[in-house]
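On the provided structure of chain C, position chain H as indicated by the hints.
The residues making up each chain are set out below.
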Amino acid sequence: MNTVYDFTIPARAPWSGIVRKGQTFRIVDLEGNQAVDCVFYNSRDPAERYSAPDTIAAQKNIFLTTGTTLMSNEGNPMLTITADTCGRHDTIGGACSCESNTLRYGHHTKHQHACVENFTYELAQHGLGKRDMTSNINWFMNVPVEADGALGIVDGISAPGKYVEMRAEMDTMVVISNCPQINNPCNGFNPTPVRVIITEPETEIAPSALG
Amino acid sequence: MAVDLSDPYKARAHARSMHGTQIKAMPTIPVSNARELPSDVPKADLLWDETLAAGDYCSRVLKRGSRLRLINLDGDACVNFLAYNADHPIERLNVADTVKVKWSAYLGQGKLLLSDMGRVLMSITTDTCGQHDTFCGASNAKTNAAKYGDGQNYSPHPNARDRFTIALTKHGLGKKDIAPNVNFFKSVKIDPEGNTIFASLSKAGDVVELRAEMNVLVLIANTPHVLDPRKAYTAGDLRVLAWKSAITGSDDPIRNASPESQRAFENTEDLYL
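Chains as they are written, first to last, in the working numbering: chain C, 3 to 213; chain H, -18 to 254.
Chain C extracted, bound-state conformation:
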């Protein structure tokens, strides 16, 4: 595999990039228990985007791990998870926002940085906006649902160096918010950097042979 991109996203920061069909996208939880909020768009038509409900309905399970196909809102496979050393990831917990923080923790959290701030800022760099905010994945985040429906973000099961890797089934724009939340255990109360790596299979014909 050739590495075509390798970048460390600072703590609390947004990031976006393109993963082409057939390329592999890896996210590494460098220091452990860092939630990585993530959305995907069809890079040719961003109205087609990752859908948590379609992904859950397709696999009849709420947890994402090796073998999960991440589905679009049009029912198309976007990426397939090919490796996961963490074990499971969340897609029902949504992204933190300044506004929802006021409900969850109190109005004193209104001006804390939040994932929706990262997402809308990053989307705006691509001519997109809040209408394009959609259901997301929280890589490395742990959200169990109890028998009575009780649900919450609890202590993580990730650790330093754990990673998840997925193969793109279409040309995909990835938008990430490296979660800045400090009011619940999703980041161990200490947001940290994460690394993203894009690789692709060796080309069958070396460029020199084409000359």
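I should point out that these hints are in silico values taken from the structure, not numbers from a laboratory. Note that this is a predicted model, so its numbers are computed, not measured. Where hints are given, some of them may not hold.
[Claimed, not checked] BS3-like, lysine-lysine: derived pairs with alpha carbons at most 25 Å apart:
(1) C:Lys23 / H:Lys123
(2) C:Lys62 / H:Lys123
(3) H:Lys225 / H:Lys24
(4) C:Lys62 / H:Lys128
Using the frame of chain C, we list chain H on its own:
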């Protein structure tokens, strides 16, 4: 039997002969003609009476304080439901916040439908069913085609996503405005391994009643749940009623049920100062 419609006069007479036709799945207009109303529905304040058969959809703007009652007439409706701030529809239902803020994945009496702006769109004032779905969202053309052979709008098996798309275009909105929805009257529960457990547990006459906590645009489609295992495209009739009522007071028990609910209402009241 062929009807002679060879000139506009005959065609007009033919069209007008349909006047007054009554079927089950239709709106009552004027709504003052509504019949067989439940005894606790105030007829003088009625805004909306419409029945949806399988595949049908409707949408409407409801003012703050309005009540919206969904009646599962024969126990087999599947209500695909979305809501928006009618005055500023960039604010819309956020299912993740709806379950996360209330610390509960399951809807029921007293639960809130929260927007993505930290406000409450609607609260559930009555729920005789208590078995709904916050996980699986809308069917689409591909999922319906896989089950029923086709899933297009023009087919006998229209899907929820396309129903939402058309409804949204009538309010100047579009595909990008389709957020994850909830489904009333079809149950999805989660087992300890994270698996979804689908069940049809509603009975004939079950009611979900919602109170508009802001001016809302509601989209309602009655299409089979994406996990409904039946081979035939099946959804029972749904009656939709709405009427004018009072804006929620500061002493409301749903408003004050938890600190999270209280702040959601405070944020909403702040919008109307």
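H:Lys225 and H:Lys24: Cα distance at most 25 Å?
With a Cα-Cα distance of about 10 Å, the restraint between H:Lys225 and H:Lys24 holds, given a limit of 25 Å.
Could you grab the alpha-carbon distance between C:Lys62 and H:Lys123 and see if it respects the 25 Å cut-off?
With a Cα-Cα distance of about 16 Å, the restraint between C:Lys62 and H:Lys123 holds, given a limit of 25 Å.
Could you grab the alpha-carbon distance between C:Lys62 and H:Lys128 and see if it respects the 25 Å cut-off?
Holds, because 16 Å separates the two Cα atoms, which is no more than 25 Å.
Between the alpha carbons of C:Lys23 and H:Lys123, is the straight-line distance 25 Å or under?
With Cα atoms ~21 Å apart, C:Lys23 and H:Lys123 stay inside 25 Å; holds.
When held up to the earlier numbered hints, the structure conflicts with none and fits them all.
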